[in-house]
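> One-letter residues, chain by chain:
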Amino acid sequence: MTAKEANPSQPGGKSRTEDTAALLRELVAHLRQNRTQLREEWARRITQAKLLTAMTEEEIFAEATSVYDNYVEALETGTFEALQAYARNLSERIIPRGVETHEVVGIVLLLRDVLARSLFAKYHEDFDKLNRILDAYEPAANRIANTVAVGFVQERERIIRQQQEAIRELSTPVLQVRERLLILPIIGVIDPQRARQLTEQLLRAIRANRAKVVVIDITGVAAMDSNVANHLVQTVEAARLLGATVIVTGLSPEIAQTLVTIGVDLSEMATVGDLQGGIEEAERLLGYKVVPQAEAQPA
Amino acid sequence: MEVPILKQGDYLIASIQSALTDADLSQLREALVERVGRFRSRGVIVDVTALDVMDSFAVRTLRDIAHMARLRGAETVIVGIQPEVAFAMVQLGLTLKGVATALDLEEGLIFLNRRGKERVDRG
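Going line by line, the protein sequences match chains A and B.
In case it helps, our numbering puts the first sequence at residues 1 to 299.
In case it helps, our numbering puts the second sequence at residues 300 to 422.
Hints listed in this document are in silico derivations from the structure and should not be mistaken for laboratory results.
The reader is advised that the hints may include incorrect statements.
Distance condition first, Cα-Cα at most 16 angstroms in a straight line; then the derived EDC-like pairs of lysine to aspartate or glutamate [claimed, not checked]:
{"hint": "1", "chain 1": "B", "residue 1": "K396", "chain 2": "B", "residue 2": "D363"}
{"hint": "2", "chain 1": "B", "residue 1": "K396", "chain 2": "A", "residue 2": "D265"}
{"hint": "3", "chain 1": "B", "residue 1": "K416", "chain 2": "B", "residue 2": "E374"}
{"hint": "4", "chain 1": "B", "residue 1": "K396", "chain 2": "A", "residue 2": "E268"}
{"hint": "5", "chain 1": "B", "residue 1": "K396", "chain 2": "B", "residue 2": "E374"}
{"hint": "6", "chain 1": "A", "residue 1": "K129", "chain 2": "A", "residue 2": "D19"}
Pair ranges (Cβ atoms, derived) [claimed, not checked]:
{"hint": "7", "chain 1": "A", "residue 1": "E200", "chain 2": "B", "residue 2": "K396", "range": "20 to 26 angstroms"}
{"hint": "8", "chain 1": "A", "residue 1": "Q193", "chain 2": "B", "residue 2": "H366", "range": "36 to 42 angstroms"}
{"hint": "9", "chain 1": "A", "residue 1": "E200", "chain 2": "B", "residue 2": "R413", "range": "25 to 31 angstroms"}
{"hint": "10", "chain 1": "B", "residue 1": "E329", "chain 2": "A", "residue 2": "Q293", "range": "53 to 59 angstroms"}
{"hint": "11", "chain 1": "A", "residue 1": "S226", "chain 2": "B", "residue 2": "T348", "range": "33 to 39 angstroms"}
{"hint": "12", "chain 1": "A", "residue 1": "V290", "chain 2": "B", "residue 2": "L391", "range": "36 to 42 angstroms"}
{"hint": "13", "chain 1": "A", "residue 1": "R178", "chain 2": "B", "residue 2": "D420", "range": "22 to 28 angstroms"}
Ideal placement from N, C-alpha and C gives every residue a C-beta, glycine not left out.
Isolated chain B, as found in the complex (with noise of 0.2 angstroms):
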């Protein structure tokens, strides 16, 4: 299944609706990277809330489409992580290290919005 991708100003917002095969999941990946560059967007939000199971290459894919994102100039936050997922994650040593993650949707444009004001603040 075809995961979603929304521009909304700055920003690219991808919502998972449901389980990703490992192909999807690699054709979301290269989508986000290149969106990225063609809207010359600022920032990435992916939303996994409704994933109730996160394997390792799932994690490494969306760690990868953080670290290829910031690349490209946008910042990446991984929105909606459930408290279940979140403690299967670190007992498998799945930590997403270096990849900023938020509660949910609203938390993660606030982290982008005020990424973005510090970035204009800097110069």
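Looking at chain A on its own, in the form it has when it is part of the complex (with noise of 0.2 angstroms):
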């Protein structure tokens, strides 16, 4: 070590990258050396600045040490892959747990800040050495931060692409619940991608099941905007020209308002006010009528 310390601080002969990996390799071992302290003093840093709230003091512990090390080795080898892979590793546990963007890129630059704190400390003596130190200290660090943040966000994107696509798989079921009548539940935000689907599903459902009625229920839907409005007229006269009449149940009164604030013309659309009525007026229709079986027996 004493022989690696010593190259760096003889300039002269040696080209700039091969100074920059000797004082790596000498910031490197100082980091390994003082491993424990450096780590204990960040673990105090993180809980100082209420970062992690979400995580016990031991976790945060642990994983200061395996974000250290894999810090360390990054700084050493100058390959991100294995801090990047760690990092993918880390936002799949931390995310589910409430681990917000600004905490975990917080953590980093408070690594940045307790490392650069003890080379000031290391090298006060030397301000010559201590800037070529943090010449060499600094890109990498910030390259660090960098790959650690972007890997958090990139797995938070991934997680919620993925929820995204469940949501849309899940949520655009067509019920038959008799004979030729239909029913369609819609739960959460439609966007226009949604509505499409929803009508073509819709639309293949009538064909495939002969219906003739078809209740639409959008008490699960919190809110709506003109276009889905639109969409949703759209559909039920689409199902209309198949032959089929489309029962609307289930508008909150929130919807209704912004219904008739926007102006959009529901005129053509038949509405009950929810599942129960639009099933009854639907049975109605198609000539059902559902009596008691007390009622039922004298006949």
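Two chains, two frames, a set of hints: combine them into the complex.
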């Protein structure tokens, strides 16, 4: 170690990159030597800054240890694949627990600060050397911070995409409740893509089940804008072209107000207050009459 | 291509077999309106199952057939519109307002029979 330390302190004859590599080696040795102390200092700073509040102190310390080791390794080898993989793995574990982007970026920057401070402390007598060490340290540290932050955000986006996909697949069942009567319960947010998918699925189901009446229940839809409302009107029209009557049920007071305020023309649409009423109306249209057994028996 | 028009009791059935030119459509309209009077038909069914595209002229002609036939005493029902065609139509704003539609020929016949009965019931 003394030999390594001696090299960069005597510049001249050595190329710039070799110089940096040697400085980084020296740096890594320093970080390895003071691993316990720096790690604790870092964990303390994390708690102090009230970051990662979703995790216990032991967990923070355990994660801090592996982040620290990966960090030092990335500095040593100059390759970021292992760190990237670790960042992705870490994100996968902590995202479900509600850890935010600013926290992840925050802790990595804290580590950067803690390490920089320790370098100041070590080299404060040799300003020139400190400068050169920082020259080597800073770009690498910035790249590491970047890698971890990007890894976290990418993982987050992947999860969001996955969930959107899942919602899309789950959320559009067309159910047959009686011969020729379909129910389409819509739950959640309707975006244009989903609205289109809903319509296509409904029209196909009308044909496959030879449906005469369809009840679209939108009790589970929290909000509606003019695009979605118009799409709903189009769906009703298209269903009519296939010979099916559509009854829309479960318009919430908010949606009713919105639709009237933005002036969507719903005069062509049959609406009934709730799903029960919708099904009763549909049964009437189909010529069913549901009566309690006691009343039906005499006949 | 000329569209065959079949007489089935009180009803006329026009089954479109392939894509039609505007001239074919006009000719179909004239033939149907003329025959409604000649056979004293009470109902007209136009089957468009074979069409996978429906442009504005076709839709307007179908609507005209329905309105003209009504003036001559027959109810018209369009049957067999494909789901994709229906969706494309509403997106273009071609909604066949005021014209009866049904899933297929069978449904169309049921619809006309029920209409006929309602008329008898009314007197």
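> Find the hints from earlier in the document that the structure breaks and name them by number, from lowest to highest.
Violated hints: none; all satisfied.
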